[in-house]
Amino acid sequence: MGGDRLKIVLSLTPPLLIIGTLFFGGILYGFLQSLGYQPAIQKYDINFDAYYNVMFSERYAKLFWSGLALNLWVSFVSTFLAAAFALFGALTIRKTFFAKKFCNFIFSLNLPMPHLVVAVGMIFVFSQSGLLARFFTQIGFIASPSEFPILVKDKYGFGIILAYIWKEAAFFFIILMSVLQSLGENFEELAQSLGANKWQRFRYVILPLVMPNLFSASIIVFAFSFGAYEVPAILGVNYPQMLPVMAFEFFLNPDLNARSEGMALSMIIAMIVMILVVIYFWLTQAKIRKD
Amino acid sequence: MSDLKILNLYKSFPGMDKPAVNNVSLDIKTGGLIAFLGPSGCGKTTILKMITGLFQPDSGDITLDNESLLPIATEKRGVVMVFQNYLLFPYMNVNENVGFALKMKGIAKDEIDKKVKDMLELVKLPDIGDRKPKQLSGGQQQRVALARALISKPKLLLLDEPLSNLDAHLRDEMRELIVTIQQKLNVTTVFVTHDQEEAVLLADNIALIFDGELQSFASPKEYYESPINERAAKFFGGVNFLKSSINNQQIDTEIGPLNYNQKNKKDLMNNHLLTIRPENIEISKTNIFKENSFSGIVTSIIFSGTNTRYKIKIGDTVLDCSVQSVGKKEISKNDEVFVHLPKDKLWGMND
Amino acid sequence: MENTLKKTNIYAVYLGALILILPLIAFFINAFSFRWFYPQLIPKELSLQAWVRLKLIPKEGFRSLDGFLDLWLSNPTIIKALVNSVTIGVIVTIVSIIIALPAARVLGLLNFRFKKLIIFIMVSPTILPPIAFVLGLNINFISWGFSGSFWGVCLVHLVPIMPYVVLTMTGIFANYNPDFEHQARTLGANKFRTFYLITLPAIAPGMVVAALFAFLVSWSQYLLTFLIGAGKIMTLPLLVFSTASSGNPALTAAISIVFIFPAIVILYFTSKFVSGDSSATSGFGKI
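Chains as they are written, first to last, in our numbering: chain A, 1 to 291; chain B, 292 to 642; chain C, 643 to 929.
Just so you know, the hints here were simulated from the structure itself, not pulled from any lab data.
Where a beta carbon is used, it is the ideal one built from N, C-alpha and C, also for glycine.
Hints may contain errors.
To be verified - Counterexamples of contact, computed for chain A against chain C with all Cβ distances above 12 Å: (1) Asp4; (2) Arg5; (3) Thr21; (4) Phe31; (5) Gly89; (6) Phe158; (7) Arg203; (8) Leu207.
Unchecked claim - Keeping only pairs whose Cα atoms sit at most 30 Å apart, straight-line, the calculated BS3-like set for lysine-lysine is: (9) B:Lys576 - B:Lys557; (10) A:Lys95 - C:Lys833; (11) B:Lys340 - C:Lys649.
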């Protein structure tokens, strides 16, 4: 069976090589740089100065912790709201009503839209002189742009949250639709015949049914929104700043020390995401063992 | 000429503690219709796949007309296989499927069309050339698969469980077709099956395989009348086994002494297990038999169409007897009857 | 099941749908307007000025075929960006499929030691954020001479693309019956003809989905292109980003429309192939 083995190794090598050198190599090198190892300027020592500076130094501590808080807040809220919105939409749209197909299409429309465009779209709709503001002016609610709340490029990340909800709701929606359509109806009818009302059916039949898929989808969305750069770059402000934007700006700083700090920050971001994923796996394994 | 010889074939897979094919040797003459028979997982399909070239044996050889097949690439061996689920190429219609082998040879299109037409007539499906496989019934798909395999006049035809997917009445039709075509084209044919009835109906000779080892290679009749061991006998529906020891005069068994035909003495000597087919046991309410008769109680009667099966308890032993239902005997459950074991129908084995 | 759908639910969904398409509507109005200021809900002037400024459409009086060609051949930024995005997208799509095919076949059909580990490695670029690897990689690329080069950008685009392509194609092979190939071989087809006539048609639908993905992921890349391209390689997302920061909404909207055009096309095509929880959906969610 030697020939088979060789075939397997040869087939797997090219993609593994690419991912190994570019992806893992990049991470490794970034990690080394974050520890102060920069052969370019003949610095070969290993220390945690960059990490310390990023998290605890007078210069950056406030920036970092407020940024971390913003990151967590944005990711949690946008993931949760996107899921809730999609769930509501999926539960309604799976039943027949006028323009159901159209609504189905709209709810899944944003799936292949690039995040950049979604972010720009948020500006067009939600800025103080945006579509929504103009609408409210036309019907007399407000009289000038400054009366419209600051929803994009704001300190609380509302614009960023909105952008992520826009896009990820489509993701959740498609997943939920397929789960509900393949499994939901029979169980619901059964529960109904056993006397369950709408809320009970939702709580005891539908929710447990969609939970596994919803949960894994949420992890994906959370991890992604936590570490992504594009949307906060367009819709964020300078303080507080989301961590990926911060990391990137540090990195572009001509001061090479700042570069290490940028790497350290990106490593911190990666570690947090890793922890999340590990927790997720641990939770799902525990669940499987329980069953 | 396409004599197929299998010589000391050996194949094992990683993770299996016993070899899949263990030292199998067979000699199949041109034009023969042979069955590889055995329970699922006994290695018969693995042997087929080594003949086509999907697997390479660990050791041993396979020769066609005395030339080893092993170094030859699959597509050049002249060995075609028809799989159990026919595997008609879904993106081609029937004509394209059937003509595939000729297209591979580079034969001109007109000639291919003509040969395809002839082939489809041979399998009695003249008008379906434009249809796609999913529009065909199971029986039709199999005929097309057969046509596709035979169009290039291969030296060896291999069939994997050819009748197992078919309903009973289709089975007869297909059996007729396979035998007719095979004889007409005189192509050496090997088919694999786990159904002994199928093997007995189709094959000239049957290679019985248990656990990767060849038990025997014989005609169907021999498996009924002179099985090689208890397991082989059971596989063919033999159910009456008596522990026995033979001496010069008689055979001592658990139900009593039996006379045997002295002509068979050599065969029966040194064997400890006596067997007789249910169809060969005679029963009667009165003892009309001159020898080898025993009395017992009928414990069950099962009507199964052309035959009726009686279970007769003699002492601690139960014998199965199968009699034609037509000559109905007035025998009911719990009756006392006499059974006769004709001395010519006795056969001895070692387990 | 009785259709107990409260009217309010339906109206809420309508509202939700309306809100969801608002940005698109805003894009289109912006792109075809001139001076669409607050508080106008509908622009006073419709015009193609944004497209002219972008140099996608020639000025009044020059809008013949020659006019278009002249304009585009003068290589304005948007054409540069468009060409780059398309070229990079096509190249990485083709390369990724060729690389992924044998690996996917092996992963989909065979079982072997470390298979789970290998799948995990293949999928890992989708778990960690791109910023984790691209910063370190950039330094290496600079020393290897890939920084600011077209091929450097292509290389780095492969990283987010490979997992999706490998996963999608592995799924295809998992449902594939290799006996068909053996059948063709016994009928006289050699390995190449078998691949071309039997394997390829069977995996083609999956390959198309994988290719569309790969293209879309590459098309949407901003951070990777910006960093590795070092400002020398201009692609559409970079143009969108810089225009968005400039504050001219009509221009931004016009570029955005060009930018999302393939996404819409692909949405149409994959709605025929994609089911709810395939890796396809997950891929789109990351774009």
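Hints that the structure is at odds with (numbers, increasing) = Those not satisfied are hints 1, 2, 3, 4, 5, 9, 10, 11.
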